[in-house]
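One-letter residues, chain by chain:
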Amino acid sequence: MLHNLTLGELAGQLSAGRISSVEVTRHFLARIERLNPGLNAVITVTAAAALESAAAADRRRAAGESGSLLGIPLIHKDIFCTEGVRTSCGSRMLDNFIAPYDAAVVERLKAAGAVMLGKANMDEFAMGSSNETSFYGPVKNPWDPTKVPGGSSGGSAAAMAASLASFTTGTDTGGSIRQPAALTGVTGLKPTYGRISRYGMIAYASSLDQAGIFARSAADAAVVLELIAGFDARDSTSVDVPVPDYAALLAPPVAGLPLAGVKIGLLREFFDGLESRNAALIEDALRVFTSLGASTVEVSMPHLPLSVPAYYVVAAAEASSNLSRFDGVRFGYRCEQPKDLTDLYERSRGEGFGTEVKRRIMTGTYVLSAGYFDAYYLKAQRVRRLITDDFRAAFAEVDLVIGPTTPTPAFALGGTVDDPVTMYLNDIYTVSANLAGLPGMSLPCGFIDGLPVGVQLLGPHFSEGKLLATAHRYQQATDWHTHVPRGYE
Amino acid sequence: MSLTRQDVEKIAHLARLSITEHEMPVYVTSLSSIVNLVDQLSSVETGAVEPMAHPLDGQHQRLRPDVVSEADHRERYQTNAPIVQAGLYVVPRVIE
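Chains A and B, in that order, give the protein sequences. For the first sequence, this note's numbering gives the first residue as 1, with consecutive numbering after it. For the second sequence, this note's numbering gives the first residue as 1001, with consecutive numbering after it.
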């Protein structure tokens, strides 16, 4: 079926003229119409604009153009500004916000001729690990509608797992790509901090936020990364490092085993207390890596257990500052009948933001306030450096580190949403990569009680090529990434 | 450490957030448990460790030539504003 084709296969069919982008786009729009009501993964469908861009892509192909994503449908997380299209960030605050320009990621994919089908649901302002904080209601996990898809990019992950698009975009501030990728059984890539421009991507925590990709496979993620990575002067954190030909790096070495010479470190702290069935699946994945020629060695990162508290101080502090722009004056929600300016600010924000967003803004305000700044904010930044130094020491010994992506498979909807600390601890394996700015991936590696489980790979800064190649070779030797939830075949 | 209702009211005011009566007890409890979580940071000695604000060492803010690089999009941007009059954002009276 069209929706199960890899990006390479679909581009091949389009360029051979066996199918048009308009037909592909119609096929996916029909799937969204049929399957999305049960998932709530897509909150804005841009059908007419999608068919127009598909027709434009077909004209470009007819004129002799080719391109790895020309005419291929995608869904953007609703955190990326899309000109003329509502960009809500999952919040009542921006329910009426029509973005006046395109985010860099949107712009680049548009230029490549990719076809946007719509915008994906998400935790409000990307704050959540279950997609239950969205103003538009929770997203259901395609593997089990009573379970969460993970968050914050839960809509993008569920849409990918349900094959509502050929690929989807997301953002990862503390695990918001890797965790939902694991919980929905898809491949998720969070690149190095600064690798992809954040221009037009609504800010949550600026020293942690990074855009990324959900795809059917590492090979597909490589194709998309190559087109969206690279320097952009409009993002002051964008890094001017050349973008390699990621797809070319996927080819196995001409001689020897596919992963010969690759040293993988097992993060000891990630296995402490890990549930035995989950640990067994990660160990199975490790055996695959070693059978492909990789060597493994245990590494210890003593400060990792502090990554959750360090993250929730840094992220909340930055969020309280970033979200101060939502004041009910220039854009977004405004309360009725404000009695004065303070009332306008307080009620517009109090009514426009949901419970979790307000909780994080207040946490951030508290840790930045007089008397607590040193004890919490600076302390968290010092611990952040210790965690980063732990990674640096590990990467002096090994090429990549490996561990679980999440402590458990998808959990029940409604189970923990009122217990923030328990919810935050779901991020235990993912937040450290954001604190250190590292690239990471989650790959499907098996199932527990019918729910997918992910294995996580992390590498040094700008090691996306090595991560993707390692992941690709794993996926050539396994078929976990090809499993599709029942009802979404 | 536990936060009191007064602490939460003060934080909410600093953050310019109205909190309803219904929400208040939820925040008193949950913010207290978050403070307990982040108090774990004090379990590690950080001494002279330099605070880390940014994950990529050695990256600095770039400068650009001091020339106009943005066109005027005021009208387009103001289409998202709740109330605009004569090209100005309207708010409740500030000076009596």
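Because the hints were derived from the structure by calculation, they are not lab data. Keep in mind the model is a prediction, meaning the values are calculated, not measured. Hints are supplied without guarantee of correctness; some may be wrong.
[As the list claims (entries may be wrong)] Calculated pairs, DMTMM-like style, for lysine to aspartate or glutamate (alpha carbon to alpha carbon, straight line, at most 20 angstroms):
id, chain 1, residue 1, chain 2, residue 2
1, B, K1010, A, D327
2, A, K339, B, E1070
3, A, K263, A, D232
4, B, K1010, A, E351
5, A, K466, A, D374
6, A, K110, A, E298
7, B, K1010, B, E1023
8, B, K1010, A, D343
9, A, K263, A, E351
10, A, K263, A, E275
11, A, K263, A, E298
12, A, K263, A, E283
[What the hints assert, rightly or not] Distance windows between CB atoms, simulated:
id, chain 1, residue 1, chain 2, residue 2, range
13, B, Q1040, A, D418, 19 to 29 angstroms
14, B, Y1089, A, D449, 48 to 58 angstroms
15, A, D419, B, R1062, 38 to 48 angstroms
16, B, A1081, A, E283, 55 to 65 angstroms
17, A, R277, B, H1073, 17 to 27 angstroms
18, B, A1081, A, G414, 20 to 30 angstroms
19, A, Q337, B, A1053, 38 to 48 angstroms
[What the hints assert, rightly or not] Residues from chain B that face chain A, not an exhaustive set, calculated with beta carbons under 10 angstroms:
id, residue
20, T1004
21, I1011
22, Q1040
23, P1051
24, D1057
25, R1062
26, H1073
27, Q1078
28, T1079
29, R1093
We treat Cβ as the ideally placed atom computed from N, Cα and C, and that holds for glycine.
(message) When the structure is checked against the list of hints, which entries are broken? Sort them ascending.
(response) Violated: hints 2, 3, 5, 6, 9, 10, 17, 18 and 20.
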